[in-house]
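J.: What follows is the residue order along each chain.
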Amino acid sequence: MSFRIAPSPHGHNQRTTSEMMRWVCYALVPGVLLQSFFFGPGIWFQIILALGTAVLAEMACTVARDRPAFSALRDNTAIVTAILLAISIPSLAPWWVIVIGTLFAIVVVKHVYGGMGQNLFNPAMAGYVLLLISFPVQMTNWLPVSTISEHSLTLWQTLHTIVFEYTPAGYSVEQLRAGIDGVTMATPLDTIKTELTRGYTLTEIYQGPEFSYFAGAGWQWINLGFLVGGLLLIQQRIISWHIPLGFLGGLCIPAFIAHIFAPDLMPGPIVHALSGATMLGAFFIATDPVSAATSNRGRVIFGLLIGFLIFVIRSWGGYPDAVAFAVLLANMCVPLIDRYTRPVVYGHGD
Amino acid sequence: MSLFGAVIALGVLALIFGVILGFAAVKFRVESDPIVDQIDEILPQTQCGQCGYPGCRPYAQAIADGDDINKCPPGGEATIKQLADLMGVEAKPLDDAHGEEDVKKVAVIREDECIGCTKCIQACPVDAILGAAKQMHTVIEHECTGCDLCVEPCPVDCIDMVKIKAKPETWQWDLDTVKENIKANSIPVKVVE
Amino acid sequence: MSGSQTMNRDVNTAVIGHFPGGVHPPERKQPASSKPIRKLALPQELILPVRQHIGPSGKVLVAIGERVDKGQRLTEAGLSQGLPLHAPTSGIIAAIEEHPTAHASGLPEQAIVIQPDGEDRWGNKHALPDYHDVEISRLLELIQEAGIAGLGGAGFPTAQKLAQQKPLKHLIINGVECEPYIAADDRLMQEHADDIIAGTRILQYITRCDSVLLAIEDNKPEAIKAIAEAIGDDPQIHLKVVPTKYPSGGEKQLIELLTGDQVPSGKLPMDIGLLMQNVGTAYAVKRAIIHGEPLLERVVTVTGESLKQRGNVWALLGTPIQHLLDESGFTPEKKQRIIMGGPMMGFTLPSSEVPVIKTTNCIMAPTEQELPSPGPELACIRCGACADVCPATLQPQQLQWLAKAKDYDELEKHNLFDCIECGACAYVCPSEIPLVHYYRKAKAEVRNIAREKAKAEQARKRFEARQERLEREKQERLERHRKAAEERKKMQQEKADKPESKTKEGDDKPAGKSAAVAAAIARAKAKKAAQAAKDSPEEDNSAKGNES
Chain A
1 MSFRIAPSPH
11 GHNQRTTSEM
21 MRWVCYALVP
31 GVLLQSFFFG
41 PGIWFQIILA
51 LGTAVLAEMA
61 CTVARDRPAF
71 SALRDNTAIV
81 TAILLAISIP
91 SLAPWWVIVI
101 GTLFAIVVVK
111 HVYGGMGQNL
121 FNPAMAGYVL
131 LLISFPVQMT
141 NWLPVSTISE
151 HSLTLWQTLH
161 TIVFEYTPAG
171 YSVEQLRAGI
181 DGVTMATPLD
191 TIKTELTRGY
201 TLTEIYQGPE
211 FSYFAGAGWQ
221 WINLGFLVGG
231 LLLIQQRIIS
241 WHIPLGFLGG
251 LCIPAFIAHI
261 FAPDLMPGPI
271 VHALSGATML
281 GAFFIATDPV
291 SAATSNRGRV
301 IFGLLIGFLI
311 FVIRSWGGYP
321 DAVAFAVLLA
331 NMCVPLIDRY
341 TRPVVYGHGD
Chain B
1 MSLFGAVIAL
11 GVLALIFGVI
21 LGFAAVKFRV
31 ESDPIVDQID
41 EILPQTQCGQ
51 CGYPGCRPYA
61 QAIADGDDIN
71 KCPPGGEATI
81 KQLADLMGVE
91 AKPLDDAHGE
101 EDVKKVAVIR
111 EDECIGCTKC
121 IQACPVDAIL
131 GAAKQMHTVI
141 EHECTGCDLC
151 VEPCPVDCID
161 MVKIKAKPET
171 WQWDLDTVKE
181 NIKANSIPVK
191 VVE
Chain C
1 MSGSQTMNRD
11 VNTAVIGHFP
21 GGVHPPERKQ
31 PASSKPIRKL
41 ALPQELILPV
51 RQHIGPSGKV
61 LVAIGERVDK
71 GQRLTEAGLS
81 QGLPLHAPTS
91 GIIAAIEEHP
101 TAHASGLPEQ
111 AIVIQPDGED
121 RWGNKHALPD
131 YHDVEISRLL
141 ELIQEAGIAG
151 LGGAGFPTAQ
161 KLAQQKPLKH
171 LIINGVECEP
181 YIAADDRLMQ
191 EHADDIIAGT
201 RILQYITRCD
211 SVLLAIEDNK
221 PEAIKAIAEA
231 IGDDPQIHLK
241 VVPTKYPSGG
251 EKQLIELLTG
261 DQVPSGKLPM
271 DIGLLMQNVG
281 TAYAVKRAII
291 HGEPLLERVV
301 TVTGESLKQR
311 GNVWALLGTP
321 IQHLLDESGF
331 TPEKKQRIIM
341 GGPMMGFTLP
351 SSEVPVIKTT
361 NCIMAPTEQE
371 LPSPGPELAC
381 IRCGACADVC
391 PATLQPQQLQ
401 WLAKAKDYDE
411 LEKHNLFDCI
421 ECGACAYVCP
431 SEIPLVHYYR
441 KAKAEVRNIA
451 REKAKAEQAR
461 KRFEARQERL
471 EREKQERLER
481 HRKAAEERKK
491 MQQEKADKPE
501 SKTKEGDDKP
511 AGKSAAVAAA
521 IARAKAKKAA
531 QAAKDSPEED
541 NSAKGNES
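Residue numbers (full-length UniProt numbering), protein chains in the order written: chain A, 1 to 350; chain B, 1 to 193; chain C, 1 to 548.
Derived from the structure by calculation, the hints contain no laboratory data.
Beta carbons: idealized from backbone N, C-alpha and C, even for Gly.
Every clue listed holds true.
According to the in silico footprint, chain C covers these stretches of chain A (three or more CB under 8 Å from chain C): (1) 289 to 295; (2) 343 to 349.
Below are the EDC-like pairs computed for lysine to aspartate or glutamate, each with C-alpha atoms no more than 20 Å apart in a straight line: (3) B/K105 - C/E445; (4) C/K453 - B/E77; (5) B/K167 - C/E445; (6) C/K455 - B/D148; (7) B/K71 - B/E101; (8) B/K104 - B/D160; (9) C/K413 - A/D338; (10) C/K455 - B/D127; (11) B/K105 - B/D174.
On the chain B side, residues computed to face chain C include the following (Cβ under 10 Å): (12) P44; (13) V126; (14) K167.
Just chain A, with the same shape it has in the complex (with noise of 0.2 Å):
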């Protein structure tokens, strides 16, 4: 009688890649309601596109380069860029940013490198730097967060917005931003920058509308939601702590100690924590195992790197976050903190 052959080990622990990306997105859904839920339905329309997006994109270059189309989709990864992607911008840009951001990730970050485990960089965040700089206004097009805002759509006029750049009223982004006192509202981080810039002290600036409990408006609960995702990852072991940690950390400590020298010109590490995508950043986009150090010695190290260049770039930079530049600079030292964090293997020890 003949059998068949198979390679050891022989059987295997049933946490595949595609399930672990699939956990992502559901760590991510505490975040995304309480997002859409500040910032309007506008979110959805932007993760449905860049999914379409995605998709297609993912499919296109897998057939390109002489794979099955759907091959590459099996293992979720595409979907997880997109959603991460999508999340990131304003939920009002219009339509063209987010297809343009999908595409770029998935076509060149991702499949010119190589496809999927090749890219050097983190596709969401390389898309978000390329739409940042290539799209200013629309990309920092923020809304107030609903609750101190002047406006709120609807499931169709925020549609016709992200579609003709306008509400059905007429109104564009810009005028939408606008506060009650006619002043246009920003996010807090930028509130933070500009009012600073003006030789207001941070005391005076909470007093703001933009800012609440611990930090901005809104902000603070949508950072919290991530932070919940997070630790649900960490708990199910599809990340491990020392990222997060060190990314937080890294942005954290330097914020404390320049906070205890300058706290009316410093931001303390609170503010810091519940602002920007500074969560999201922490647990969902730096985790990225592809563009991540392997070694745990190591991700220390590249968390506390995103998370001190976070700190200088808010602190003295010219965008009021830096996630996104922070992530992309760490991920181009990796290969460099992978060869110094290597362990020793048994038996080379001394």
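Once you have looked at the hints, place chains B and C on chain A.
T.: Just chains B and C, lined up with the frame of chain A:
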């Protein structure tokens, strides 16, 4: 005057450094293999002459003198890659004119047909055939490089080139070959490559 | 001192070290560990590959048709590393032929086929109940003659391992058995704890080591109890209970676990004063010395859900796997796999013709549901899960990239050869990459390259020697030609020289010669003239012409 001083100072410095460099060049000279030896090291030493040179060393010499690196079928792709690295040139595909990369073989003489003409002995580049005139010849299997050169001169065509049989200790962990090894009725096997 | 007290004193769960990585696959040992070891019916034939261990094969001592007794030697040990083989039961040598062996390749090797006669008749046995007054070298010889190879893993001849003498810190007896499913050692410890301890004492006597560490994983409470009782109050044998984690039974991992030390790369445990033997080996040593029985049978775990009767069996060496399966109620599913060894490190058998050999500790016939085949291989996402579980702290993902790129130099720099092929990396890989398979192929390739290189070097030397010889022969030929030519020249010259010398002696020589000719001519002329004078005057003309 200061110009003069500067020229002298620089001149003296140049002299000192020149002496140091000259000394270092002699003292710390790196003994490296002549390039021909390094090339010869890479070549598979089948001595088959398919490259058009009478053996590996002459071909190594020819490469060192600028010949193409893709004329060695027994070495195949791997050898070309190594040669390309060594010579700092682009690797290129094997030149078909010199033959194709093939599985490793050895020569085997059908001994009852051998007439003892010694022609193969003269043809063997590595002296791997034993025998004398009017005596049956035989190939020392582990010395045979599979170069094929003995096949042509044999007047009675009693030399076969046979594939080297895999043994458990030399087996290449190729699960694809398992079924043919045991000649069992084959079940389609999926092996991840 | 009562058993339980001994246990309390000796069972030491606080192991000193720990090793990095490791996995916890489902154990599934229960079907085998809970039932006594079964005896099997005699199979139709026994197939004994001549080579069952690392090293060259021995010389066959029997001929086809010969009757052999149980325990009779079939092969003679080779010079350096060989081990003799014995008839596991009495019978007739039916064939000596090439037969598929228990190797992942399924390649055939020379094997002796015995047809049992059912009498199970023992030949001579040389029991040695008291070995203490016997020389150690004699004991080693006996172990060698009993054909004992390490029964836990690679099957290195035990006597040779024992003979490499250096002072030992600890003798480690490995009863960890960390592979899932397998409970052969577990059951052996439960049923033959006294024999194992007796064997351990023999090993201890041979190695002159006063500290024995006997390690068992904490998922074998019955075995731990039995061994603790067998040890009694022996102060030199320490029972170490190690936490369950795969691969804690690996030689290097267990050493790190028990002593906190690592075996330096490329060295043997012996080099740091340690020696490890499997409990099965200790048992075999006891049978060999005390009872004079060579290694003829071993405990094999026969398990997997395609079998109705799962458990341990005493299998004679050479028992075809088919016989084991038949005796265990085998109902194959579609695309059935048969695995020799455990699910982590075992290899699939291409056919059930393969026999049980000295290192066969488990035969598995799992169902697809039980041990699902890996899905299609996806791209590596560098998640590092493999590096987290690697007990050798390698970088499996890096090795995988390098193996795919066939960068063999870099692979060696990344210490590919420190990989113990435990399979933990491939077990956890979310992209289901058959990592170990890549490493095995790369290792085989590296070894092959080294072999080719050695062969090329040899060929180069022979080629150069031949060139030299041809050159020498050419030179010699030329020399010969030159000499011959010289000789000829000399001869000619000599010939030419002779007259010359004479000329020198006296100048009359050419003259003399011509004089002789002239005289001859003159004589002829005279003759002719005389003739002409006799016959006609015309003849004189012709004679004149001749002369000119």
